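Number of protein chains: 4
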Amino acid sequence: MKKVCVVVGSRANYSSIKSVMRAAKAHPGIQLQVVAAASALLDRYGSVVKLIEKDGFEIDARVHMLVEGETPHTMAKSTGLGLMELPTIFDYLTPDVVLTVGDRFETVATAVAAAFMNIPLAHTMGGEVSGTIDESIRHAITKFAHIHFPSSKGAAERIIKLGEDPESVHVVGCPRMDLVAEILRRANDGLDNGELKRGVGDQIDFDKPFVMLSQHAVTTEFGQGIEQITASLQALRRIGLPVMVFWPNADAGSEDIARGIRIWRESGNADGMHFTKNLPTETYIRLMARTACLVGNSSSGIRDGAFIGTPVVNVGSRQSGRERGANVIDVSYDADAITAAVERQIGHGRYDMDPIYGDGTAGEAITRTLAETDEIVVQKRIAY
Amino acid sequence: MKKVCVVVGSRANYSSIKSVMRAAKAHPGIQLQVVAAASALLDRYGSVVKLIEKDGFEIDARVHMLVEGETPHTMAKSTGLGLMELPTIFDYLTPDVVLTVGDRFETVATAVAAAFMNIPLAHTMGGEVSGTIDESIRHAITKFAHIHFPSSKGAAERIIKLGEDPESVHVVGCPRMDLVAEILRRANDGLDNGELKRGVGDQIDFDKPFVMLSQHAVTTEFGQGIEQITASLQALRRIGLPVMVFWPNADAGSEDIARGIRIWRESGNADGMHFTKNLPTETYIRLMARTACLVGNSSSGIRDGAFIGTPVVNVGSRQSGRERGANVIDVSYDADAITAAVERQIGHGRYDMDPIYGDGTAGEAITRTLAETDEIVVQKRIAY
Amino acid sequence: MKKVCVVVGSRANYSSIKSVMRAAKAHPGIQLQVVAAASALLDRYGSVVKLIEKDGFEIDARVHMLVEGETPHTMAKSTGLGLMELPTIFDYLTPDVVLTVGDRFETVATAVAAAFMNIPLAHTMGGEVSGTIDESIRHAITKFAHIHFPSSKGAAERIIKLGEDPESVHVVGCPRMDLVAEILRRANDGLDNGELKRGVGDQIDFDKPFVMLSQHAVTTEFGQGIEQITASLQALRRIGLPVMVFWPNADAGSEDIARGIRIWRESGNADGMHFTKNLPTETYIRLMARTACLVGNSSSGIRDGAFIGTPVVNVGSRQSGRERGANVIDVSYDADAITAAVERQIGHGRYDMDPIYGDGTAGEAITRTLAETDEIVVQKRIAY
Amino acid sequence: MKKVCVVVGSRANYSSIKSVMRAAKAHPGIQLQVVAAASALLDRYGSVVKLIEKDGFEIDARVHMLVEGETPHTMAKSTGLGLMELPTIFDYLTPDVVLTVGDRFETVATAVAAAFMNIPLAHTMGGEVSGTIDESIRHAITKFAHIHFPSSKGAAERIIKLGEDPESVHVVGCPRMDLVAEILRRANDGLDNGELKRGVGDQIDFDKPFVMLSQHAVTTEFGQGIEQITASLQALRRIGLPVMVFWPNADAGSEDIARGIRIWRESGNADGMHFTKNLPTETYIRLMARTACLVGNSSSGIRDGAFIGTPVVNVGSRQSGRERGANVIDVSYDADAITAAVERQIGHGRYDMDPIYGDGTAGEAITRTLAETDEIVVQKRIAY
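Residue numbers (my numbering), protein chains in the order written: chain A, 62 to 445; chain B, 62 to 445; chain C, 62 to 445; chain D, 62 to 445.
Derived by calculation from the structure, the hints in this document are not laboratory data.
All values reported here derive from a predicted model rather than from experimental measurement.
Honestly, I wouldn't trust all of these hints.
Under the rule of at most 25 Å between Cα atoms (straight-line distance), these lysine to aspartate or glutamate pairs were calculated in the DMTMM-like manner [said to hold, decoys possible]:
1. 115(C) / 316(A)
2. 115(A) / 316(C)
3. 269(A) / 343(A)
4. 269(B) / 413(B)
5. 222(C) / 384(D)
6. 63(C) / 121(B)
Selected chain B positions facing chain A (Cβ under 7 Å, derived; list incomplete) [said to hold, decoys possible]:
7. 136
8. 138
9. 140
10. 141
11. 142
12. 144
13. 153
14. 178
15. 190
16. 200
17. 204
18. 254
19. 255
20. 439
21. 443
Here are the in silico distance ranges between beta carbons for each label pair [to be verified]:
22. 255(D) / 329(B): 14 to 20 Å
23. 444(C) / 104(A): 43 to 49 Å
24. 89(C) / 152(B): 30 to 36 Å
25. 393(C) / 152(D): 27 to 33 Å
Using N, Cα and C, we set each Cβ at its ideal position, and we do this for glycine too.
For reference, chain A alone in the conformation it holds in the complex (with noise of 0.2 Å):
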């Protein structure tokens, strides 16, 4: 049996995972371990880590790490934190492997740690291009991983021009689209309108056009978000649809995020507007295939968005670098140029299927893989 440990540190995570860690349960060969930590522990990012059990998993550590403060000071510490404490946690596991998802700051932990203890490294969602702090993140962790699941072609080619051993890089596409492929086969059933009534602001109609929101902070502009958060909520009122809107995930600058969000709803501007903070992924899915457009730089526009054909205009750097199909629109911080791209991807209306990330069998494709690679060497050696 081949013990192979997740390590799961946001709801983001999670969906990007889950796929994965429902192949490796099933699988015969394989016996999944599952460490949950930072923001899935906490409940005020929905408490991620009773859903993972809900879904059927059980959990071997718990490990908060995230120090208070949500700046680039606080993200380094709590990167620290989780290093301190994941060498005892693996020492505890001994996994066979470690699987680390994506690029954001707590899997540096992840990735360091294992590297460090000589446990082959595997990780998803490699090679890709992007902005913000994640762009180093990502590369780095590629540097340190032994085994390579990207989601494109382009993200595999990436990686191996970073000095890789072309063997050691599988391109499966994202684990995420597993689970999107799953809701649109199960297109019929309706919303879950209990979830979506949660949150606060005026109550939308979801039967009718309306917009979705979704803007995070970027950790390499601090101290900038209030003023982009506003460029969007200005343009999406001009507009005048109703609109969901999210609340940011916990970043560097994500508190200036959320406070330029209440500064527009304390001025009285929040007409239409609803706010939530998690939706289950489902739920969010089916909103994706529902919604006239998604604004804001979640990842989620332009890869989920990709699979569903969900209009998107991009805003900002966040997402600059990544690979997109054609449903999406780039602009700047800027009222109007939000303004002029929302209205044209109204007009548009759903885009078709594009399977850039993937087609709905990375999990099982990850799982098949770890269960075969047979011997891991774990001394890297840059190829050039």
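Following the hints, position chains B, C and D against chain A.
Then chains B, C and D, alone, in the frame of chain A:
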């Protein structure tokens, strides 16, 4: 005044950055900040911090971050501890640039803290190739760094292949060669015999032929240290010349190397051998200019040895992949092979000077570049 | 110059030590050092650090040490984080005395770090009796402290009974009373309505009768917060006067209290209620001088209330054991009991001033004692 | 099944709690949990964790928490590290009671973590009086603990004076006496000479008269260790009997003691002296039953010595205040005074057994009490 903060975490770190510190301190446009950390603070590694102060530098902060154990586990944990504290210190010192050295584990804490906090990160000795976890660390730090100061052309090319902006890569040579060059220029100065008599074991007459043994732990071969050092000791006993044996650096596995040496001594095999902890760089370099052969896996054999022309027998995988001059013979952990190679080197004698790792001007070049670089874009972007 | 280092970890900490800081700063024989830590650094607790700077103090170091979660688990972890960092800071600042305030969890980090490092530790507000883990923390810190500044005679007697040297115990009153006295002396200054209008909910006319509710988590009754706060809210709805409701302090369990408040609001029961985070001490004290009754379990009701004469209904166990004046009626977590007690207090009106917690001269007294104490023997010895 | 979690942080810890662990493991109503931490995990302190496993106990978690340096600074930092990790482990193990031993610095981490997390805390060896920071630590832990197991009646009285509930105080004797009693009962077993021959220096014939020297750092006299140990070594050279010298425990200042010993050896004064790290408790106790005199400041001289009747010369302040039997002569750090006292003890020979620290039944008594205590009220309250 541009504030340049250097984090010095070990004796090796210090000798690899001292000439930069000296040049930076003297430069009118730069305010040097020095953080002493990890083994640089500890008596049992020769109290490097006192040496730094004796050399005329002021210490701005001290970070005790070594968790006892010297295993891969505690190496990760120590890095986490550093990563938790450095943000407090960087917030206090508000450096304009953080300068990190090489590829030791504590360097990861410096690099991640600075990069996460949007402080431009400069990195020396990137782009090289070696064994152990250093290989992964070095390239990962490159992916976090904004300015690169590789030691050799080959290293610079590798950094660019890693997707870094060629304009951010400055081939300056290794700053340690600056010290080596300076010491060799003062060739008439004698050896400091006080220093050399410290330690335990038989005394050596350094005016007659002698051999040096400096062999460190290979973190990715954790658990094999006793056998590895024993093969070298056996070979040198056969050679019969006096041997200056150096205790290993603090690393995962160094306890095994040390135990191997202790067992050797207690078994009564140490005739003609002297055991020493840490020599001043000056004394060490002078020994390298006199020794009949340096045996082991210290990078100094390959780097300083190229400049000095020291005959070197490099044992095992720790330095594999590193560019080397004609002065190095590579062998495996095998007493016979080591014996044969040492005999060949003793027969050959000193080699010609080879400037692959620099010509002794790196400190000035790095300082000038740091002083002249105006705007550093914190947001990185892979080149492909 | 004697270096006196104060570690301020929260808003409550600051108001309990500010008058000492002011006197120390003005004293020619003392150099004041200020470390801002924990919730004192955070926006969401009202950025106390900015207030400290606005009051003219310089911050010597900032220690982010709050691990997110607000559970007993993270309270312990946060203390550990503080204890890991404070040695670095104390080594840097080399204080002659460390001054720690009261009995919050972060205080343990300050006390242990100073005592372990052989730095004389001064402690205010020891010897009192209360509920929650604070009860254990307070007496444990007394056992680490070298100079004691209790607020009341009863507290001083208790410290001596704990085996402390009577010569090290100085009854000076609570420094917070210094602020209270000063604010009441400027009684003609009006309320700052800008501050009071912030927050959410209905606006209150403070020239007419109103009630205040300030109820915090009881860490040793973790998990019961929602019921506890709900009983108080129900009682106050029956009373019918406008209510100024304060969000709870950061403590294990505060999330439950906050959730109880949010549920109450979202259930539409919050007519006439205003919800506020943190008022400046000045404004808070003025409200206490006007309110018809203060309900909850804040120590301010018992301490400041005694000096001001505020009618107080103290709910539950959090303050049990604390010396109190005639102005306090104690009740359990029971809506009926709370209602009856509030009605009695409204009928009674303001009480006479009672100096059990000090007469407004503590800051000067503590400063004088610290300046005059020559030699502090670091080695403690229990008196029996 | 009541889950009782013991945190073992050092060799001394283990021998002070082993008989409780044995009894708890055998008790049908108790599930024993063992956390190995701090120096108990380290090779250079004799790998106590392996000993624990060899004795048949399973290790539930391992916490590397020693920050290198052995200064007051790193002692505080190490405690912080432990306090950061233990919450994760206690959350995982969900103990019903945490049992902490004595008064070493790592014990503070255990006590604070358990108390903050509302886990009932049992404490052995409270209420005693000694020098160093242990004196403060011990009484502070008493103020956090819910069940007290003092070793002597005097200690029990002191705990009650500290304001603890008399019903929570159980005089059981020191569990280490259980081991001592057992070893003495098997008096016919010979010494394990293999163990005794390890270490360095001259070999000793233990069938002839010999002296033991076990002297540790006094944390509150940090910086004076070299002089302190040198006085003792000088005295013993004058006595002329063979000396078994023990390296010091890991504590702030132990590096100084060790250096003093190394200087002594390297100065060629070590004729007839043997230097050893850690003996198994069994071997150590047998030596104490044979030695002409035990010199130094180990608590074993006073505690075990009372039971065994060992002639002891106790040097300096480390044990001052501790109850002692007739077998102890106290002297200052003065070579003449030490010489005279040792001569007197050699003249006297072995003393009668004195049960002040227990009669050999503590392990059973503590286990029974823990098993039978039904409800522990987590909220403490000082008795006066």
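The hints, checked one at a time:
no. : hint                        : result
1   : 115(C) / 316(A)             : holds, 23 Å
2   : 115(A) / 316(C)             : holds, 23 Å
3   : 269(A) / 343(A)             : holds, 19 Å
4   : 269(B) / 413(B)             : holds, 21 Å
5   : 222(C) / 384(D)             : holds, 21 Å
6   : 63(C) / 121(B)              : holds, 22 Å
7   : 136                         : holds, 5 Å
8   : 138                         : holds, 5 Å
9   : 140                         : holds, 6 Å
10  : 141                         : holds, 3 Å
11  : 142                         : holds, 6 Å
12  : 144                         : holds, 3 Å
13  : 153                         : violated, 11 Å
14  : 178                         : holds, 4 Å
15  : 190                         : holds, 6 Å
16  : 200                         : holds, 4 Å
17  : 204                         : holds, 4 Å
18  : 254                         : violated, 40 Å
19  : 255                         : violated, 38 Å
20  : 439                         : holds, 5 Å
21  : 443                         : holds, 6 Å
22  : 255(D) / 329(B): 14 to 20 Å : holds, 18 Å
23  : 444(C) / 104(A): 43 to 49 Å : holds, 46 Å
24  : 89(C) / 152(B): 30 to 36 Å  : holds, 31 Å
25  : 393(C) / 152(D): 27 to 33 Å : holds, 31 Å
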